[in-house]
Amino acid sequence: MARLAVNPTRMELRRLKTRLATATRGHKLLKDKSDEMVRRFMELIRINKSLREEIEGEMAGALRSFMLARAVSRAEDIEQVLSMPKTEVTIETGTKNIMGVDVPDVKITMPAPEDLLPYALQSAPSDLDTAVVKLSGLMEKLLRLAEVEKTCNMLADEIEKNRRRVNALEYVMIPQLNETIKYILMKLDENERGNLIRLMKVKSMMESSES
Amino acid sequence: MIKNGKIAVIGDKDSVLAFKAVGVETYIATSAFQANDLLHKLKDDCAVIFITEALAEQISDTLDKIKSYAYPAVIPLPGSGSGNGFGMRGLHRDVEKAIGADILFD
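In the order they appear, the protein sequences are chains A and B.
Quick note: the first sequence uses the working numbering, first residue 1, plus one each step.
Quick note: the second sequence uses the working numbering, first residue 1, plus one each step.
Hints in this document: simulated from the structure, not taken from any laboratory.
From the three backbone atoms N, C-alpha and C, an ideal C-beta is built for every residue, glycine too.
Among the clues, some could well be false.
What the hints assert, rightly or not - Cut-off 30 Å, straight-line C-alpha distance, at most; resulting in silico cross-link-like pairs (DSSO-like, lysine-lysine):
(1) B:Lys13 x A:Lys96
(2) A:Lys33 x B:Lys6
(3) B:Lys6 x A:Lys31
(4) B:Lys43 x A:Lys49
(5) B:Lys6 x A:Lys134
Stated by the list, open to error - Derived Cβ-Cβ restraints for the label pairs, each shown as a range:
(6) B:Gly100 x A:Ser73: 18 to 28 Å
(7) B:Gly100 x A:Ser126: 49 to 59 Å
(8) A:Ser50 x B:Asn84: 16 to 26 Å
(9) B:Ser31 x A:Ala60: 18 to 28 Å
Unchecked claim - Derived list of chain B stretches under chain A, where covered just means 3 residues or more per stretch with a C-beta under 8 Å from a C-beta of chain A:
(10) 29-37
(11) 55-67
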């Protein structure tokens, strides 16, 4: 591992030791963060998966009824009865914070189920009623899925980023700092020894010239 | 909390029309180009955008770009006709990205 290009002085040594302490602490914190994010992610992705499976099944049912309705009556009729929706799903959107990631938080207000159909019953085939009822029952789940899936998306991104940071600290920064600290220590010791020898040499030269 | 985030659906006519009855804004797109256009137009004032899997697969680049903010959440759904599994594949990708291996679906 390459060492940093610094002067081998005591001041530099002190500076590097502080940096090493900070890096080690940061590494530990980031690792903890990563563990917790993965735990949350696993919880959410399981929910996400089961929701999606449910929805994909029920969606197919609802759309099949809708296709049946379209098959038995004219396209214009269907379009006309659906063109003025009576109800509206309202959502309040906010964000909540999971481990430093701002993820969506959706509050859903469903319309009352009794006045769902925007048309008179005789103006459309019953399959259309089925489709509309099924679909509006599905709406809450769909929005829940939107929230959970987006959260999973964002968490996955963040986990990946975090892992890069942890790895950079663990495999690059910290070894580099260790290496450099060791190098400076060796160099300082070497200087110390050199100095000592020089003094001993001078002393012996002085003694021999005196006698 | 911001009140009344809008919900939109983008897809082919058959898949989208049914959503109209539930009071969701519907937009019809028949090509990837149109879907792309609509997505750019809608992304600033919609909170949740559903899009059919067939279209989502074709414009996955745009979807990736929108991913990094909390809103809008763009969610692929199977439209009329069976889906092509694009939504599920998205989950697989997320798990792989986060954990490093696809441990959820073996």
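Evaluated hints:
1. B:Lys13 x A:Lys96: Answer violated: lysine 13 (chain B) to lysine 96 (chain A) is near 35 Å, above 30 Å.
2. A:Lys33 x B:Lys6: Distance ~34 Å between lysine 33 (chain A) and lysine 6 (chain B) Cα, so the pair is violated.
3. B:Lys6 x A:Lys31: 38 Å, violated
4. B:Lys43 x A:Lys49: 25 Å, holds
5. B:Lys6 x A:Lys134: 21 Å, holds
6. B:Gly100 x A:Ser73: 18 to 28 Å: 53 Å, violated
7. B:Gly100 x A:Ser126: 49 to 59 Å: This hint holds: roughly 51 Å between Cβ atoms.
8. A:Ser50 x B:Asn84: 16 to 26 Å: Given a distance of about 20 Å, which is inside 16 to 26 Å, the answer is holds.
9. B:Ser31 x A:Ala60: 18 to 28 Å: Once the Cβ atoms are compared, 24 Å apart, the range 18 to 28 Å for alanine 60 (chain A) and serine 31 (chain B) holds.
10. 29-37: Result for this restraint: violated, n = 0.
11. 55-67: violated (count 1)
Against the hints set out earlier in the document, violations occur for numbers 1, 2, 3, 6, 10, 11.
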